[in-house]
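Q: Spelled out, the chains give:
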Amino acid sequence: MSPDGTAGKPVPQVQLTIDGVAVSVPQGTTIFDAARINGIPIPTLCHQQNENPIGVCRVCVVEAGPKLAASCIRQAEQGMVVKTNTEQVVGVRKTLVELLMSDHPSPCARQQHSGDCELERMAEQAGVQHPRFPKKVTPRGKDESSIAIAVDHEACILCERCIRGCDDIRHNWVLARRGKGYQAGIAFDTNLPMGSSSCVSCGECMVSCPTGALTNRAVVGTKLPGQAVDPDSLLGLPIFKNVSGTFLELNSHAVVERRFRAGDIICREGDFGATAFYILEGKVDVFLSSPIAHVKTQDSGRGFLSKLKSLLAPRANDPRTEEVDRPFIPIDASVDLPYDNPIAELGPGELFGEMTCMSYYPRSATVRAKTDCTMLEMLRNVLDIMQRNKNFRDQLDRTYRKRALDSHLRSVPVLASLTPEFIDHLREHVELVRFAPGQVICRQGEPGDSFYLVRLGFVKVSEHRPGGDMVLAYLARGGYFGEIALLGGIARTATCTALDHVEVVRIPGEDFQLMLDKFPAIRQKLEAAAAERIEANRQRAMQVANVPVEQFLNQGLMEAQSLLILDLERCTRCDQCVRACADAHDGVSRLIREGLRFDKYLVATSCRQCRDPLCMVGCPVGSIRRRNSLEVIIEDWCIGCGQCANNCPYGNINMHPFPVEQDDPTYPGRRIASVKVKATSCDLCLDHEEPSCVYACPHDAAHRVNPPEFFAGLLKQRSTGMKG
Amino acid sequence: MRIDETHRKWFIGSVIGLAVALVVYIPYSRSSPQGATGGSVMGLVYGSVGSAFMLFAGLLGLRKKFPIWRIGRAQAWMRGHLWLGFLAFPIILLHGGFHFGGALTTTLMWLFIIVFVSGIFGAILQHYMPRLTTERIPMETIYEQIERVRAQLMEEAAKLVEEAVDALAGNLEKATAEERACSASAGTMGGLTVASGLQVDEEAAVELRGFFTREIQPFLQHVGSRGPALSDPGRAEALFRQLRVLLPGNVRSTVDDLENVCEEKRQLDQQRRYHTVLHGWLLVHIPISYALLLLGAVHAVIALRY
Chain A
1 MSPDGTAGKP
11 VPQVQLTIDG
21 VAVSVPQGTT
31 IFDAARINGI
41 PIPTLCHQQN
51 ENPIGVCRVC
61 VVEAGPKLAA
71 SCIRQAEQGM
81 VVKTNTEQVV
91 GVRKTLVELL
101 MSDHPSPCAR
111 QQHSGDCELE
121 RMAEQAGVQH
131 PRFPKKVTPR
141 GKDESSIAIA
151 VDHEACILCE
161 RCIRGCDDIR
171 HNWVLARRGK
181 GYQAGIAFDT
191 NLPMGSSSCV
201 SCGECMVSCP
211 TGALTNRAVV
221 GTKLPGQAVD
231 PDSLLGLPIF
241 KNVSGTFLEL
251 NSHAVVERRF
261 RAGDIICREG
271 DFGATAFYIL
281 EGKVDVFLSS
291 PIAHVKTQDS
301 GRGFLSKLKS
311 LLAPRANDPR
321 TEEVDRPFIP
331 IDASVDLPYD
341 NPIAELGPGE
351 LFGEMTCMSY
361 YPRSATVRAK
371 TDCTMLEMLR
381 NVLDIMQRNK
391 NFRDQLDRTY
401 RKRALDSHLR
411 SVPVLASLTP
421 EFIDHLREHV
431 ELVRFAPGQV
441 ICRQGEPGDS
451 FYLVRLGFVK
461 VSEHRPGGDM
471 VLAYLARGGY
481 FGEIALLGGI
491 ARTATCTALD
501 HVEVVRIPGE
511 DFQLMLDKFP
521 AIRQKLEAAA
531 AERIEANRQR
541 AMQVANVPVE
551 QFLNQGLMEA
561 QSLLILDLER
571 CTRCDQCVRA
581 CADAHDGVSR
591 LIREGLRFDK
601 YLVATSCRQC
611 RDPLCMVGCP
621 VGSIRRRNSL
631 EVIIEDWCIG
641 CGQCANNCPY
651 GNINMHPFPV
661 EQDDPTYPGR
671 RIASVKVKAT
681 SCDLCLDHEE
691 PSCVYACPHD
701 AAHRVNPPEF
711 FAGLLKQRST
721 GMKG
Chain B
1 MRIDETHRKW
11 FIGSVIGLAV
21 ALVVYIPYSR
31 SSPQGATGGS
41 VMGLVYGSVG
51 SAFMLFAGLL
61 GLRKKFPIWR
71 IGRAQAWMRG
81 HLWLGFLAFP
91 IILLHGGFHF
101 GGALTTTLMW
111 LFIIVFVSGI
121 FGAILQHYMP
131 RLTTERIPME
141 TIYEQIERVR
151 AQLMEEAAKL
161 VEEAVDALAG
171 NLEKATAEER
181 ACSASAGTMG
191 GLTVASGLQV
201 DEEAAVELRG
211 FFTREIQPFL
221 QHVGSRGPAL
231 SDPGRAEALF
241 RQLRVLLPGN
251 VRSTVDDLEN
261 VCEEKRQLDQ
271 QRRYHTVLHG
281 WLLVHIPISY
291 ALLLLGAVHA
301 VIALRY
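Sequence lines, in order, name chains A and B.
Under this note's numbering, the first residue of the first sequence carries the number 1, and numbering increases by one thereafter.
Under this note's numbering, the first residue of the second sequence carries the number 1, and numbering increases by one thereafter.
Rather than coming from a laboratory, the hints here were simulated on the basis of the structure.
Predicted model only: the values in this text are computed from it and were never measured.
Watch out, some of these pointers could steer you wrong.
[Said to hold, decoys possible] Cross-link-like lysine-lysine pairs, in silico, DSS-like; alpha carbons within 30 Å at most:
#1 A/K83 x A/K94
#2 B/K64 x A/K600
#3 A/K94 x A/K283
#4 A/K309 x B/K64
Work the whole structure out from these sequences, hints included.
A: What follows is the structure, given as structure tokens:
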């Protein structure tokens, strides 16, 4: 029985005439449906057959008796005479289209890409080439925060088809109306950017939209090699459940099936890519082929012929101060690699290459098929859909808890002593949470309720101070935050923001307390680490407060720990410093005589050991970090991708080539000579008493200085001079 | 290298050295029946000391070839080069008793004069030119990169002109936000500021493009500082002032940018000139120094042997 209790009862029919044709329809049918059922077309924009009519565009206007009415909401009545194409109706419809076109950027994105913008097609049919009304370019803007769907609010005609698709059809309840007048538009959640909202990227809104307001963000110019998978087959996979078939059809080349034979290399460490792989069948080996060693420069000569030589040294042979004895190397997959033997296995249902796909970071490891395997290779718009899919998330979550949580926790030195029993306890309690670029994870001043471990992406830790925010650190995979507030029972001391697509492991406050109670050694280590962080932040704040900040911050000089400066009134531009640097480092200069100027000084391009080291953002294996002294250190597992060198705004990181032997991919078992690069930065010629650049300057122009001291002294001199 | 208070020790040492040389020379010269000669014992001492100073000064070039050899800081070598090289000249004069002697020694003395004078000239240049360069060329780049930067400026100017021409032709998509904001037809509607279009001025577009082909392009392509009108800052200012009058307000910022591009090119030309001056004297100083050392060695062998 139906809810209204009409089951079994015949529905009364109404007879009416549409464009001279007598028709009979069940009572309650709209004029629009009555015409449609009888093959009489009525144009419309805001109405779709599968949605409830709301009658906002009025384009479906018809003459119903003596009056004009929106046919999509007006019900048919007994004896009604409807005319859909009179001169008056056509005129009104044309005016409505003209008005809509005057507020529509033509051609909109849909019209440009596929030529099927319903409004523009209708305008063309109605002969509305140039609306009589002046175009009003209203500043409603675009939203490109979503990877899968582009939002152009200016092309929106407020038909609400997307809202009904999201709410009534998919029951996602993300979309709604916002604003009034010219500012009216569609909004995601509480008017958040689409990428940061709870949108699951099902694609229903985009499929519903009649114009270019919501369009598919296909990855332009990319057609993946491999066998395209038809949407029906994809929808048959549990991980694609609830995804719009039309959406998958529009992205047919963005996800392909790839088959690899045992031994095939699927991707190589350091290569740039834009795809992620999901294993359907078979197994793969994930490993690092770069030598696990850092670049060490040491004095190779004797006496006055002394020269520096760069060589590769593993941490067992060359332990460095404040070296973290990290047992695992973080990579862009669900597992970490052991430092001693960097290889792991992945199997069906596992995903790798997520960071490469979402944030275009270089591949973090080499992946080789262990058995014949089949996998889905996908671009970021498809991965984004999957990431937002509950089934897929659940599967990834389960895999992570089962396979990676253990090594991830143990890779954090302070948590290395956790017992397997407690890790099993955490397995059930931790939560994996994703954040979009720019999204705040926790805010300074808020009460601390969780401890976070970074699983994917990079997190910026900043502190709000009068005059602006100050970056305290960038945290990569394996980094943690939130412990200071929990340990001290105080509010958050800093704001943590996702720099790119970030995923964190959230350990609730209660479990964190339980861990501290059960493992006093961990408490001690965390307390010591927290005290160190607080002290480092305090000192940094003092340094900034004690010098004339505004003069240095503009040029970023206060960020530096140590600067190579050239007194331009002494420097004859002879480049002896550059030559000396190259001579000292096997022909690879680590400085360029170009850079920022302050007063009569040139701050030469040489590592400044910045306090805000952008070089650390994007390292796919997290091998670049800072010592507590803030000096930059590049760990042994640098894969030589060059991301840090590209990121350094001052061009201060160089890639140093080293001859190595590696497996011949063509003939397994054979070794071939090859060249691998490793990142290096200025080491101040530590094996020498004085940096080579300074030593070789014949004009007493090059100096290594501590910026706060040097510039503060300089300003003091100046002010004394002015007073005098 | 600036010769300032940090050279005090070298200066005092050199003055003392010279004074000692003179003090010894006066009695020696008076007591010698034929006056001071290079072949006497004292003459040979002066010759040896002078030659040693010259040799040390000459070794600076070699020192620079091996910048990281730990054989003393390069600036100490440079100071030694300056002051010992300076001192070598009066000592060699004392060595010859202020006579130039035969053909070889006269040649040597003239070479030495050239080396000495060019050295002093170079020292003066190195004292003043770096400061001048720093003050007058704020957009200085690495000398070897000048050609590359010039090519970049050319590209930048062409792009600026194309964008502005697009804007003037009413191409809304290609117009910058600033050009839209400066659009003459911007107004308010419903309480909101709206830019309803760009100021379309095709004549202005033709004028701008003409100015680019006529003035800017030849100037940016031209290597060297003389020639095109824009090489002269005064004329350049006048030309750009005139251009601003001819163009509508929404492309003024483009004209400013083009003027900056031309200013940077002028600075690069100036840097090239300064660089030539600052390092050009070495083309005289270095080869003649080597010739001097070589002929000096020949002179020593001949004098001691025969």
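Q: Does each hint hold? Answer for all of them.
A: Going through the hints against the structure:
no.	hint	verdict
1	A/K83 x A/K94	16 Å, holds
2	B/K64 x A/K600	25 Å, holds
3	A/K94 x A/K283	62 Å, violated
4	A/K309 x B/K64	20 Å, holds
Hint 3 alone, counting from the list given before, is not met by this structure.
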